[in-house]
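With chain E's structure known, arrange chain U on it following the hints.
One line per chain: the protein sequences are E and U, in this order.
Going by the working numbering, the first residue of the first sequence is number 689, and it counts up by one from there.
Going by the working numbering, the first residue of the second sequence is number 689, and it counts up by one from there.
These are calculated hints, taken from the structure and not from any lab test.
Check the hints yourself; a few may be wrong.
For chains that are exact copies, the list does not tell them apart, and a pair is met inside one copy or across any two.
[Unchecked claim] Computed cross-link-like contacts, EDC-like style, restricted to lysine to aspartate or glutamate with a CA-CA straight-line distance of at most 20 Å:
id, residue 1, residue 2
1, Lys-1016, Asp-981
2, Lys-1016, Asp-982
3, Lys-770, Asp-801
4, Lys-994, Asp-733
5, Lys-923, Asp-903
6, Lys-994, Asp-835
7, Lys-739, Asp-960
8, Lys-994, Asp-960
9, Lys-994, Asp-982
Number of protein chains: 2
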Amino acid sequence: MVNAVDIHALAEGVRSGDRRSLARAITLVESDRADHRIDALALLDMLGAKKQALRIGLSGTPGVGKSTFIESFGLMLTGFGKRVAVLAVDPSSARSGGSILGDKTRMDHLARDPNAFIRPSPSQTQLGGVARRSREAVALCEAAGFDIVLIETVGVGQSETVVAQMADLFVLLLAPAGGDELQGVKRGIMEMADLILVNKADGDLKAQATRTCADYAGALRLLRKRAQDPDGFPKALTISALEAAGLQTAWEEMQTLADWRQQSSVWQSTRDAQASYWFSEDVRAGLLSILQDDPQTAAQVAQAEKDVRSGLKTPAAAADAVLTPLLKRLH
Amino acid sequence: MVNAVDIHALAEGVRSGDRRSLARAITLVESDRADHRIDALALLDMLGAKKQALRIGLSGTPGVGKSTFIESFGLMLTGFGKRVAVLAVDPSSARSGGSILGDKTRMDHLARDPNAFIRPSPSQTQLGGVARRSREAVALCEAAGFDIVLIETVGVGQSETVVAQMADLFVLLLAPAGGDELQGVKRGIMEMADLILVNKADGDLKAQATRTCADYAGALRLLRKRAQDPDGFPKALTISALEAAGLQTAWEEMQTLADWRQQSSVWQSTRDAQASYWFSEDVRAGLLSILQDDPQTAAQVAQAEKDVRSGLKTPAAAADAVLTPLLKRLH
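Only chain E is shown next, with the shape it has when bound in the complex (with noise of 0.2 Å):
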């Protein structure tokens, strides 16, 4: 795909914002394969990390309106002379064939803007992978002078925490519910909002959308706050991403937040967590490949299994069978 001496030309193109160069960067990124490994380290170390852009985590089940705030939020936000990219974090986009971003006709006017940029998902079935490449891909928008990056995600099981761990704030989109709906919200996923947005607040909805933004503020009081919080936050409001109502506001909140965070020490210490806990999933999963890309511990494992199903190796022994073996060569 890219040889040796076009990492240089491509790093170039990212540095300079041209999209083109940028799509290219993030397909090599994603590749698995081991050449184009050493090219993505190769222009990922050359493109450093240089400037910081804000990197806001977006979650919310299908049918929220997520496509539609991200169209009315990143056009608000290149109005206002910002760049902004969108990338997608979706492990289920290989199952169903295309992410909510594969689409893009569904944000046809962001997806035009030259001052947007908008990445569907890589189509890996591991989450574990597509986080990786996903976080690099975030590197990436960064060096190319990209102001805000939108990291989005489906409501689904564990993505929320991955997108986390590359995002410096976390956005939840809900939608009006019914008060025993409220508890469908996943504790785990209310603990990680820094914003609640409740989407919808329009025509008939709207005074739904209230009822439901006001639990929620509660619901929200009633999680222990965060030592690394400003007062107020985290914090609830009401959104209508197809009127563009609220998304102000949205935006100011958003910004109020990245600020105090900047000005103490919360910000630079996240993302030195942050790069931390990458660096550690890089490693195990570097390392776990053996099992699969060394043939001779993979046929080992192969053999080892058979002899579990058969019964006739107790897990433990079939274990011990392919490690004594392999960790003896790694003395």
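Only chain U this time, still in chain E's reference frame:
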């Protein structure tokens, strides 16, 4: 603790059903020491997998009356001439200073029953470590000829998933609840349950327990029926551990399901898949242990992590700095 000559004697002791030998054998498999691990592997190998016990996973949050249930249910089973082992998988025990079973006085009749064996959770912080050792303790109880192994866990996070990976049946113990509390039971845990027992169906709570049971039965019907279950399962029943009421019916239901699974291919294929799971977990854990246990690698990890935190290296480059020399040694 145990020298090479003793292993044969220990295996003999376990095989004869001696409770002291069993306790020593479990202590051996729980040990982190490398020489103990070698002995433990030899012991597990010697004992093999001869007889199969009925392994019942049991989950319930604090306050549902789990100790009382285990005491009543266990005594009923020993009364039927069964030999019953009780093991705890409790990742929180390390923090709280002891699992529910640490306090054997709560089940003092069962603890003094010669046909019962009670073992608290190993005091390790890592769920993975606790799980692996508990799984081996289950195998030891089987080798010691116990008919039933109850594997209990507190209803927190992932420990249920881990217990389900070592159980033939999964029982969820719940307390009578108001309608709005019903949603508090995680869907994932409900989906794991073969049998829901609503405890405290006695005294003032009897009517409420019956209502709660009907609610859960309705919720179970909404969950997709698993292909490998006979008609009517999963089920919800009321019991009173305090008055030992409904326990015999619960036991009959467990036997019906166990018999059905044994006669179909489900029982053995589940056990084979579980063995394969634990083999895979053991291999992964053993391989990752290099990162701490190999002094050269551990030093490189520490240095690389420092470089990441100080911003000197990207996570990917730092991971590469650890992995490249490590993987080179393999080839």
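Do the hints match the structure? See the list:
1. Taking the shortest Cα distances, Lys-1016 and Asp-981 sit within 20 Å of each other both inside one copy (18 Å) and across copies (13 Å).
2. For a Cα distance limit of 20 Å, the shortest separation of Lys-1016 from Asp-982 qualifies both inside one copy, at 15 Å, and across copies, at 11 Å.
3. In this homomeric assembly, Lys-770 and Asp-801 come within 20 Å of each other (Cα to Cα) only inside a single copy, at 11 Å, whereas the closest approach across copies is 73 Å.
4. Only between protomers do Lys-994 and Asp-733 lie at most 20 Å apart by alpha-carbon distance; the minimum there is 17 Å, versus 42 Å within a single protomer.
5. In this assembly of identical chains, Lys-923 and Asp-903 lie within 20 Å of each other by CA distance solely inside one copy; the values are 12 Å within and 34 Å between copies.
6. Proximity of Lys-994 to Asp-835 under the C-alpha cut-off of 20 Å is found in neither arrangement, the shortest distances being 52 Å within a copy and 28 Å between copies.
7. Only within a single protomer do Lys-739 and Asp-960 lie at most 20 Å apart by alpha-carbon distance; the minimum there is 15 Å, versus 52 Å between protomers.
8. In this assembly of identical chains, Lys-994 and Asp-960 lie within 20 Å of each other by CA distance solely across copies; the values are 10 Å between and 43 Å within a copy.
9. In this homomeric assembly, Lys-994 and Asp-982 come within 20 Å of each other (Cα to Cα) only inside a single copy, at 18 Å, whereas the closest approach across copies is 29 Å.
Comparing the model with each earlier hint shows a violation of hint 6 alone; every other hint is respected.
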